[in-house]
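Asks: Each chain, written out:
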Amino acid sequence: MQENTMLLRMEHVTKRFPGSVALSDASIHVERGEVHALIGENGAGKSTLIKVLTGVYSCDEGTILFNGHSGPFQSPQHAQRGGISTIYQEINLVPFRSVTENIFLGREHFRWGLLDWRKMHVEAGALLERLHLSIDVTRPLNTYNIATQQMVAIARAISFKSKLVIMDEPTSSLSDDEVATLFTVIRQLKEEGVATIFVSHRLDELYAICDGITILRDGSTVDERPINTISKLELVARMLGKEVGSVQQSGLTSFDASRHHTGEEVVLEASGLRDGRKLRSASVKVHTGEIVGLAGLLGSGRSEVARAVFGADHVEAGTIALNGKEVKFRAPEDAIRAGIGFCSEDRKIDGIIPDLSVRENLTLAALPVLTRNGIVDRKQQEEIVERFIQRLGIKTAGPEQKIRELSGGNQQKVLLARWLCLNPRLLLLDEPTRGIDVGAKGEIQKLVEELAEGGMSVLLISSELEEIIEGSDHVVVLRDGTTVAELAREDLSQDAILTAMAHGAGEAS
Amino acid sequence: MSTVSPQPETRELAEATAATSPVRLLTARLPWLGNLLRQQGALIALIVVVTFSFIRYDNFNTVTIYSVLNFNAQFGLIALGMTFVIMTGGIDLSVGGIAALSSVVVALNSPHGFFYSLVIAVVVGTLVGMVNGFIVAWMRVPPFIATLATLYIVRGIALRLINDAASINLDQKSDFITVAGTTVGDGVLNPPLPFTIPLLLIAFLIGILVLRYTRFGRYVLAIGGNAEAARLMGLPVRRTTFLVYMFSGMLAGLVGVLLAINLNGGSATEGNGWELIAIASVVVGGTLLSGGVGSVFGTLVGSLLLGLIVEILQLENNYMLDQGWQFSFSSFWQDVIRGVFLLVVVLLQSYLQQRKRIKGRT
Amino acid sequence: MMRLEQRWTALKVRGVLPQKLFTIGQDYGALIALVVLILFNLAFTRQLNSVIAITNLLVHVTPALILGVGMTLVIATGGIDISVGSIMGLTGILTYLIFSGKWFGIQNIVVGTIVAMPVALVVATLIGAFNGLLITRFKVQPIVATLIALITVRGLAEVTVNGFQFAFLSAPIVSWLSGNVLGFLPRQIILMAIIVAVFTWLMRATSFSRYLLSIGGNQAAARLAGVPVNRILIIVYALSGLLAGVAGLAFIAFDSAANPVTLGVGKELDAIAAVAVGGTPLTGGRATILGTAVGAIFIQLLRQTVVALNVPDDIASVIIGFLIVLAVFLQHQRKAS
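Residue numbers (this note's numbering), protein chains in the order written: chain X, 1 to 509; chain D, 510 to 871; chain C, 872 to 1208.
Watch out, some of these pointers could steer you wrong.
Unchecked claim - Derived pair list, reagent style DSSO-like, types lysine-lysine, alpha-carbon separation capped at 27 Å: (1) X:LYS328 to C:LYS1010; (2) X:LYS348 to C:LYS1010; (3) X:LYS379 to X:LYS402; (4) X:LYS441 to X:LYS285.
Calculated directly from the structure, the hints in this document are not laboratory data.
Work the whole structure out from these sequences, hints included.
Replies: Now the structure itself:
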């Protein structure tokens, strides 16, 4: 392999942020005209690696060699001029402006000092034709659906005549036809010698279009090879850091695999949940005192299921029944009143109220109970707060401390306590131990188990397989928004879950 | 080779809502009409209103139209500046104060002649606008507060300049009288246009061209639409923001000159509530207060509509009195009418937004 | 310009500006400024020499302060209400029309007053609730929704007045409210103090206040925690309307020759200024009623100080303008750090 076939070489890249290491000895190699897959779970470092490459971040260590030039790029514009185009996952275009405008924003064509719309419209139209898109380019971007908007973003990236196009989850909103069209475009690019870095969690697509693959885990590259030399199963295993077929270790979490009780009564039955592209046909069933683990890769729809059950999101189709009676929650407050609690995945986005204190955050959902005649029973409130600070080992200067001053792990504990103090009959936990130190993780796991034994039903979403395996009485595996497998305790094994995640039900590996 | 077709969900929705209203039936048959209604609702309303007035009122003629245009020129120009500011997602509450200050400056400088005063006044307005721009773009103070503070400051300065008197007269010997009486189109148009009308139209024309055909214009819209994306694309967000406030101040300065001509003097207390009229014109014209989408032409139409409504109120009053009705709308109803009008427009916009949101979902 | 920000941050980091001092400055800045101003006045002017001077000052502050209380609540949810000035005006007018017998033909002026006040306040509250409805149900931006109310309500006020002058002198409420308790304390001040006390308590002790602050702090999180967002917002705007009504009544008690057309014009801006200077961030999530009170008093005292020093009113305007920018700028720095 001579030097000139290697377009991009990033090696030993390390990137640190205050309090965490995002990348540690990560690397990626892309040849000219290659379609290269970049894959990894949440927090693996995919987007950080790309941002380092495109100049959004600077790296602390490592070498970057692109198209013969060494050294990192200073800024996204610099990277663009150097020949790298990026399509971000959140469509970073301007919704109210026309399609043409979005494509040309920042590098318009001029005639006699004024913008030459005619020329730009024509060019925009031609660009989109290559993507088999015949749309009115003069209309605002937001009059088109997300799929089309994504195509426009792709058109913009392609129009820069780059040597490398990075696509971050480009197919998340596309239909099968549109994905096929996209693949045709990528192949065209390949013929022209343009390389593509394809970031996605959709295994089928990666296998259909990519030549090589780089697997990231915890900030490091754990594998780099041609994609046809690795099976889907092994791919998933490498992503999660597991060994296929190995003897399963036990006792990795504080869940006691031997203790579980499941009642007869069905507390929650959600079936056929469908909403947009995120949920196709998801179903889940939870009995009294049962811990149901909801497993799946990134983007499989787990959080969406929980939010739908909680009434936080509206679904197009599907039914949700609580203790046998069908319910239609219009807002979370209805679900809370029905005895459901939901600890969300990202505390910064929709978890903590930053300026309020630990006490106020902890008791927010419980206020209806603690309030008499509109006045909060301060004593009762403080009692509860004290109790949970003890029980969960929340490290804080005191209940009056502003929650934003706490560490991430302790914030998470406060949020957990928010729901625990309500003693719900069904608790939906979305990544409850994310960002918490090992010791605290164990405490929380034990706590969840205790609650289940006391009769609380739990739906546990976790990206950590050990938690799912050791903690669940029953596991539901989601893949691309559909329930593809249900595993009872006896059939529960790492391989079984990995297989389900990799292939779905009934597919050969 | 397949073309993109609407998603199944939106097709269902489209079918479901298709047969429900006569307007929709009509626009389904004549798609161009639907588009026209959507984009130029304000213009259509304007045409309808004007036609209605011609028919109903005897004394509604070109002279009336001229006087409406003439009077509204000052509001229209302020609204023009406000349009650009609002398109970036901001707001400028100081415009009325700047106009007042500018009128005072004109009056104080009137002994030096019209042209001199004009230049000084516009420069003053521009400077205030630049202060606004600096505070918003660099100090990152929210536009509402920044321009509110500037309003206080500017009013204070205006009063200071004339030693706390409320107003000051123009120097009588100066050439302002001639300017005031300037008309355009003698001989061609009968009666000739007061100079304010071509001024207004030219200003808006420039505004339309700038918005549509210059980089600056597109950046203004991009920033309002998605400031983060604009930044990531490398657009000069701070500079563009600064400039829109500068231009708003500049136009307000110009309006101060018109004000001085109208009042035959400078007034430090005029201009109260002008920002509200400007904002209303902008909203009626179809520009969203959240920024990112809008039409300069729409603001012109909105401004004219709002001005016409007041005029019509008086005409309708006289009409009803002539017809023998006991009750009549006093001119005090103008604000209520304006307010209700605005409410209807806003509700309509909200409804259209909701529908668009449903359509855009996949 | 960016360098200015960077240098500022660098100074903070290097401890040249000790962090603690900085935080104290931001928490109590308004109070400190007020104390400085009071001391200045005691030393150099006769503004605060007598009890009468002090009560006079406080009486002038009353309307803006009452408005400010409502505005604090609204701003804490991340919104804004610019219609309060107009609501003030309408309330005054309605009250007069009813107790003078022009509406409902009540002959007895005392009865008329007793009827007029609640009616006017109910109207004010309903207007506020309507604003809330537009904002929650129809997703209209707060500034647009309250702008509509501003214009329409002002218009309704003008229509009902129809040009004639008012004389509030004859109303018993007027003489009563502007009368003194204990010989020196005007009742308006007591009213104002009660409102401040009630709302300060409300913002500390009730669940409503927690809901309000959580909506302003992180609306998505609040919703997920079961906070009835729409209901709370409507109540907040209704309260703002109600307080505007109360401010209107207080105002006509204090200035009985009030011109109804101009009553309350621009007062919303004074209220917002008081809130900003008092330390409540415009982005929402935090509220300090006492801060707003301090802010309102400070602004008014500043105006009077400046007059006493023979500096004309307009310069005071300029100074106030600068102050507001400074106050908000400092708040922004705190958020950023």
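Asks: With reference to the structure, classify each hint as holding or not holding.
Replies: Hints, verified against the model:
Under the criterion of a C-alpha separation no larger than 27 Å, the hint pairing X:LYS328 with C:LYS1010 is consistent with the structure, at around 23 Å. Distance check on the hinted pair: X:LYS348 and C:LYS1010 sit about 24 Å apart at the alpha-carbon level, within 27 Å; holds. Restraint check for X:LYS379 and X:LYS402: satisfied, since their Cα atoms lie roughly 19 Å apart, inside the 27 Å limit. For the hint linking X:LYS441 to X:LYS285, the alpha-carbon distance of about 26 Å falls within 27 Å, and the restraint holds.
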